[in-house]
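Chains L and G, in that order, give the protein sequences.
Start counting the first sequence at 10; every next residue gets the next number (the working numbering).
Start counting the second sequence at 21; every next residue gets the next number (the working numbering).
Treat the hints with care, since some could be wrong.
[Unchecked claim] Taking lysine to any residue pairs in the SDA-like style, the calculated list, with each CA pair at most 20 Å apart, reads: (1) L:224 to G:202; (2) G:198 to L:248; (3) L:237 to G:101; (4) L:209 to G:100; (5) L:209 to G:189; (6) L:237 to G:218; (7) G:131 to L:225; (8) G:159 to L:50; (9) G:138 to L:241; (10) G:198 to L:217; (11) G:138 to L:139; (12) G:215 to L:217; (13) G:159 to L:237; (14) G:159 to L:133; (15) L:224 to G:104; (16) L:224 to G:159; (17) L:224 to G:217; (18) G:198 to L:228; (19) G:215 to L:225; (20) G:116 to G:104; (21) G:193 to L:248; (22) G:193 to L:163; (23) L:237 to G:189; (24) L:67 to L:133.
[Said to hold, decoys possible] Below, a sample of chain G positions facing chain L; criterion: calculated Cβ distance under 7 Å: (25) 100; (26) 170; (27) 201.
[What the hints assert, rightly or not] Residues from chain L shown here face chain G by an in silico Cβ test under 8 Å; the list is partial: (28) 75; (29) 76; (30) 79; (31) 142; (32) 202; (33) 206; (34) 211; (35) 216; (36) 220; (37) 247.
None of these hints come from the bench; they were simulated from the model.
The structure displayed is predicted, hence computed values, not measured ones.
Backbone N, C-alpha and C define an ideal beta-carbon position, used for all residues, glycine too.
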Amino acid sequence: MKAVWLRAGRCLLLAGLLAALSACASLPGEGLSRSDPWETVNRRVFEFNEMVDKAAVKPTAQIYQAVVPRLIRSGVDNFFGNIADFWSSANLALQVKPRPALEMGMRVLVNTFMGLGGILDVADEMGLERSSVEDFGQTLGYWGIRSGPYLVLPLLGPSTLRDATGLALDFKDSGVSMVWRDARDRNIATGVQLLNARVKLLNAGRVLDEIALDKYLLLRDAYLARRKSQIYDGDPPEDDAAPAAFRRLVR
Amino acid sequence: MHRRSLILALSLLGLPALGAEALTADAFVRQVSSDVIEAVKVDKAIQAGDVNRIRALVDAKVMPHVNFQRMTATSVGPQWRAATAEQQKRMLEEFKTLMVNTYSGALTQVKDQAVMVKPLRAGSTELSELVVRTEVRGKGDPIQLDYRLEKAGEGWKIYDVNVGGFWLVDAYKGQFAKDLSVGGLDALIARLSDKNKSLAAAPKN
């Protein structure tokens, strides 16, 4: 546990640095198109991702879904969900939300010790449902750090400068890297984790393709709106003057 | 688990009592969503992705509760008022087809979900426009689904929907902007018409 708090401290330090960074990077007035100054490059990476997805990732996900029994798939999903819950709990604590942090922590304890190390989601049956998924990018946003420019990451997809920085920490300090120490195991685990995430998106992708006139724009706008909504716990303000942390104090 | 069955019980209890009495906004949302979900759950053809059946359901149970004119006008923006009646009519038609497609795609995902309507914000019962927040709970993580409602006579009409933090009108504004600025409303209508045609021709699986 001590290591986690050390890491948390380091995260906060980094957050400060990032605040300065994103202040330089963010443009006056965050209109949707102005939040994407790197659109040309982003579109290229997006095309690349679409290509890789179509040729390799999606078929693999479909095979995984067809070949692996549902019981095992849900075990895998629960297992990674449990790791994510642990990280959510830490992030809720960093956002000074003690009650949800404790509830999420309880979920992790219950599932780890009574759910065969997280393979079963027994906490859900007990009424301890997963209320949210929190990552470090959200924590940074909660404390008022702007998203910075929109950024499409190779293979991983939509992000922003802030969220990509958060993601680097998510990868390094949480999740699979805490469970698997060996680099090779870690890579395999990360692969399975991403595959699991992709499987869950198989149907959503079809809906997206059906409504989009410009899929790049739709994904971008959806991502930016969703992140803002997550940071404000589902109730974002029309203008983004005050950070979520501040708004909570005022209420 | 308890909550889920409670909501279901409440929504079922509520149904016969609705009748002519004016509904509160949250009760309206609860009624419409449980209507749709129940209809999907008993219909094997819809679950299998039968597009015509889904369209019929959306036309019957959803569209009457949507102020479609307003949704289209705000998605298009300033150019809507400058458009001729003929253009507006064609735009409404194409946009509606696209929306029904969108909604139908989403409906094929309905399996064991229940909709939890959150309590209205204090003091909002007197408003003529308000937001009702709901959460769709099923196997995976809960999905945020909010509605913007306006008063329409004794009842309510939906004029925007928020899926997972993203308002639909904002989504379409972003999608429409480029065609509108390059070729105006006619270009957009042509684009939507193409899109709808390709969707109709595409094999459904």
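**Message:** Hints numbered earlier in the text: which of these fail when held up against the supplied structure?
**Reply:** When the structure is compared with the hints, numbers 2, 3, 4, 5, 6, 7, 8, 13, 15, 16, 22, 24, 25, 26, 27, 28, 29, 30, 32, 33, 34, 37 turn out to be violated.
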